[in-house]
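Visitor: Sequences and hints are given; from them, build the entire structure.
As they're listed, the protein sequences go chains A and B.
Read in our numbering, the first sequence has 262 at position 262, and its numbers run on one by one without any break.
Read in our numbering, the second sequence has 179 at position 179, and its numbers run on one by one without any break.
These aren't lab readings, by the way, just hints derived from the structure by calculation.
Yeah, the Cβ is synthetic: ideal placement off N, Cα and C, and Gly gets one too.
Heads up, some of the hints might be wrong.
A few chain B positions that, by computed beta-carbon distances, are all more than 12 Å from chain A [said to hold, decoys possible]:
id, residue
1, D80
2, E232
3, K341
Lysine to any residue pairs mimicking SDA-like chemistry, simulated, CA-CA at most 20 Å apart [claimed, not checked]:
id, chain 1, residue 1, chain 2, residue 2
4, B, K71, A, F179
5, B, K108, A, G172
6, A, K180, B, N252
7, A, K180, B, A325
8, B, K5, B, T40
9, B, K177, B, D80
10, B, K267, B, S280
11, B, K127, A, E177
12, B, K127, A, V160
13, A, K180, B, F94
14, A, K180, B, E70
15, A, K81, B, E70
16, B, K127, B, D80
17, A, K81, B, I163
18, B, K71, A, P175
19, B, K71, B, L87
20, A, K81, B, G12
21, B, K71, A, K47
22, B, K90, A, E177
23, A, K180, B, P51
24, A, K47, A, P216
25, B, K311, B, P220
26, B, K71, A, V178
27, A, K81, B, P51
28, A, K134, A, F54
29, B, K127, B, I163
30, B, K90, A, L186
31, B, K71, A, R181
32, B, K127, A, I188
33, A, K81, B, P52
34, B, K127, A, S159
35, A, K180, B, G12
36, B, K127, A, K47
37, B, K327, B, S280
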Amino acid sequence: MRFKRLNVMYFIFSLMGGLLVLFTLLPILRSFLAQTPSILIEEVTDKGVQEAIFNSVFLSAISATVAAIFGIPLAYILARKNFFGKSLVESIIDLPLAIPHTVAGILLLFIFGRYGMVGALFERFFSLRFVGTKLGIIVAMLFVSLPFMVNSAREGFESVDVRLEQVASTLGAAPFEVFKRVSFPLAIRGLLTGWILTWARAISEFGAVIILAYHPMTAPIKVYDVFTQFDLKHSSAVAVLFLAICLVGFVIFRFLAYGGMGKRRQ
Amino acid sequence: MIEIKNLDIDLGEFRLRDINLSIEEGEIFVILGPSGAGKTVLLETVAGFYPPKAGSIILNRNFANDLPPEKRNIGFIFQDYALFPHLNVKENIFFGTRYRRIDGIEEKFGKIVSILGIENILHRYPKTLSGGEQQRVSLARALIMEPNLLLFDEPLSSLDERIREELREELRIILKKMNQTSLFVTHDQTEALVVADKIGVMHDGRIAQVGKPDEIFNTPINEQVASFVGVETVLEGKVASNIDGLAVIDVNGIEIETVADVPVGEKVLLGIRPENVTLSFAKDESSARNNFEAKVTRLTPLGAVVKVSLKCGFPLVALITKLSAEKLELEKDKEILASFKATAVHVIKHGS
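Guide: See the structure below:
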């Protein structure tokens with residue numbers, strides 16, 4: 001038997017929490033209900049809108065994957081080793097969280113612009129440009145979303161008992177074998193969470209992207225573009241389409257990562 | 001054969017100094033010491049997780065200090081088993097076999113699995129296993145690698161009392177059967193007695209005394225060792241006869257009656273707690289089955305009680321009240337009768 005006692009504190013806490021949930025949910029629901037079918041169809045069939053949404057989904061996925069490839073090794077080192085300057089490295093990794101996104105875009109321009117260090121190098125040797133290209137969008141997305149990958153992956157590795165790695169090494173496994181067969185599979189949830197958060201952060205990026213590349217357009221920029229050139233009705237139609245795709249993607253990945261909603265930690 | 005010479009370890013909070021020990025092939029060496037004595041750190045250093053500050057670790061005549069753990073072939077049994085949770089029992093056992101050539105691997109696997117009695121759980125995952133089963137699996141995973149040395153870090157301490165008693169006897173039998181050289185650490189005296197060929201008592205970051213179990217318990221080298229191992233009398237003997245569970249044990253020609261289910265001819269260790277030994281002038285008609293003429297070698301007052309060290313063909317310690325000691329007019333070299341019941345003798349199977 002469970003006691004059915006209404007505690008005042010829990011009642012008040014639930015009320016406050018409920019308001020928070022509504023605050024998130026209400027604008028989303030309202031925007032779906034506000035749509036005029038004809039405008040929605042007009043925007044769905046618009047080539048520019050389709051392209052922008054595709055760019056967003058695809059480029060953010062690439063950006064999250066690049067973040068994973070470089071972020072996972074770093075996360076493993078941070079989770080397992082102590083070294084001089086470790087807290088400095090940690091602070092640098094978290095820095096993009098504190099930089100306003102338009103500012104991040106400006107900073108990136110210095111390095112990845114046509115005359116920037118990396119920008120000039122790529123132009124010279126690979127004939128690749130960052131400004132106004134998909135490559136630039138990926139760079140902008142990567143910069144603002146990388147902390148999520150590194151931090152989640154690091155948490156994932158920290159949740160793996162060091163002794164499992166030690167026992168693997170006594171059984172003859174060299175460090176990379178230990179990583180591959182023990183640490184990586186056991187941290188997989190943290191890594192997937194990291195990928196999803198990074199992807200979600202990247203797909204929603206506006207400020208840094210617009211400075212490096214107004215064109216080719218990603219969905220957030222398209223929403224802004226339509227808003228300034230047409231009206232709220234048209235831009236909200238694009239917004240809702242993009243939102244729907246983001247939500248579907250988010251639910252699918254969460255399901256893959258946690259094996260169901262609401263089961264955040266085992 | 002494993003040799004550890006003048007080993008110094010300094011990990012800040014743990015400091016071990018001048019550790020010297022050698023373990024013969026197939027021998028079970030137990031390091032006995034209170035919790036926090038740094039026993040685990042010693043094992044971790046031998047395994048290669050930490051570098052020693054000074055001294056050497058010699059594995060089969062090879063200097064091993066600089067070898068990483070994966071090249072030492074030293075197995076490690078952790079207190080909490082450390083099974084890989086994402087692999088089933090069979091996959092756990094085979095984890096290391098791809099890194100080392102092991103002849104007749106399938107045959108060996110079958111043998112180990114049947115000795116440990118885990119044939120029926122091979123496809124289960126660690127979290128569905130009981131503590132005892134997990135311990136057997138971790139043992140199988142280490143044994144199949146044919147390690148030069150197998151390290152045990154308090155391997156039985158997280159098991160229930162009943163399973164612990166069962167498993168510690170079995171553990172010795174298995175290790176002896178596999179001729180597995182082992183280094184075992186524990187804070188539990190009984191566990192050390194049951195498992196060990198040789199015991200090293202650790203105190204304050206040093207090995208205070210090394211010897212056979214009966215030597216350590218009967219002739220502790222100093223006060224620290226004595227206070228840690230207690231004053232239990234430990235004797236080595238052989239089962240002379242066993243009639244309906246009343247076993248007579250031959251200890252250097254002296255016969256001691258016990259209640260134990262042990263086969264004739266088997267080697268055993270006997271433990272007699274000092275509070276179970278009574279002293280009197282003449283053989284009275286009490287129920288005690290074991291009565292020996294003894295000579296007092298030493299009297300140690302311990303507050304309200306007196307520790308009486310005796311010699312009666314073997315060393316024996318009695319703990320009696322001060323009042324009794326005065327009544328018996330005990331003094332050094334006094335002759336007296338020492339008695340203890342057959343049921344007061346703790347018989348530990350120790351065959352090889």
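Visitor: Each of the hints needs a verdict: does it hold here or not?
Guide: Going through the hints against the structure:
no. : hint            : verdict
1   : D80             : violated (8 Å)
2   : E232            : holds (34 Å)
3   : K341            : holds (45 Å)
4   : B:K71 x A:F179  : holds (17 Å)
5   : B:K108 x A:G172 : holds (18 Å)
6   : A:K180 x B:N252 : violated (58 Å)
7   : A:K180 x B:A325 : violated (69 Å)
8   : B:K5 x B:T40    : holds (18 Å)
9   : B:K177 x B:D80  : violated (24 Å)
10  : B:K267 x B:S280 : violated (31 Å)
11  : B:K127 x A:E177 : violated (23 Å)
12  : B:K127 x A:V160 : holds (15 Å)
13  : A:K180 x B:F94  : holds (16 Å)
14  : A:K180 x B:E70  : holds (15 Å)
15  : A:K81 x B:E70   : holds (19 Å)
16  : B:K127 x B:D80  : holds (12 Å)
17  : A:K81 x B:I163  : violated (38 Å)
18  : B:K71 x A:P175  : holds (11 Å)
19  : B:K71 x B:L87   : violated (23 Å)
20  : A:K81 x B:G12   : holds (17 Å)
21  : B:K71 x A:K47   : violated (61 Å)
22  : B:K90 x A:E177  : holds (19 Å)
23  : A:K180 x B:P51  : violated (25 Å)
24  : A:K47 x A:P216  : holds (13 Å)
25  : B:K311 x B:P220 : holds (16 Å)
26  : B:K71 x A:V178  : holds (14 Å)
27  : A:K81 x B:P51   : holds (16 Å)
28  : A:K134 x A:F54  : holds (12 Å)
29  : B:K127 x B:I163 : holds (18 Å)
30  : B:K90 x A:L186  : holds (18 Å)
31  : B:K71 x A:R181  : holds (18 Å)
32  : B:K127 x A:I188 : holds (18 Å)
33  : A:K81 x B:P52   : holds (19 Å)
34  : B:K127 x A:S159 : holds (16 Å)
35  : A:K180 x B:G12  : violated (32 Å)
36  : B:K127 x A:K47  : violated (53 Å)
37  : B:K327 x B:S280 : holds (10 Å)
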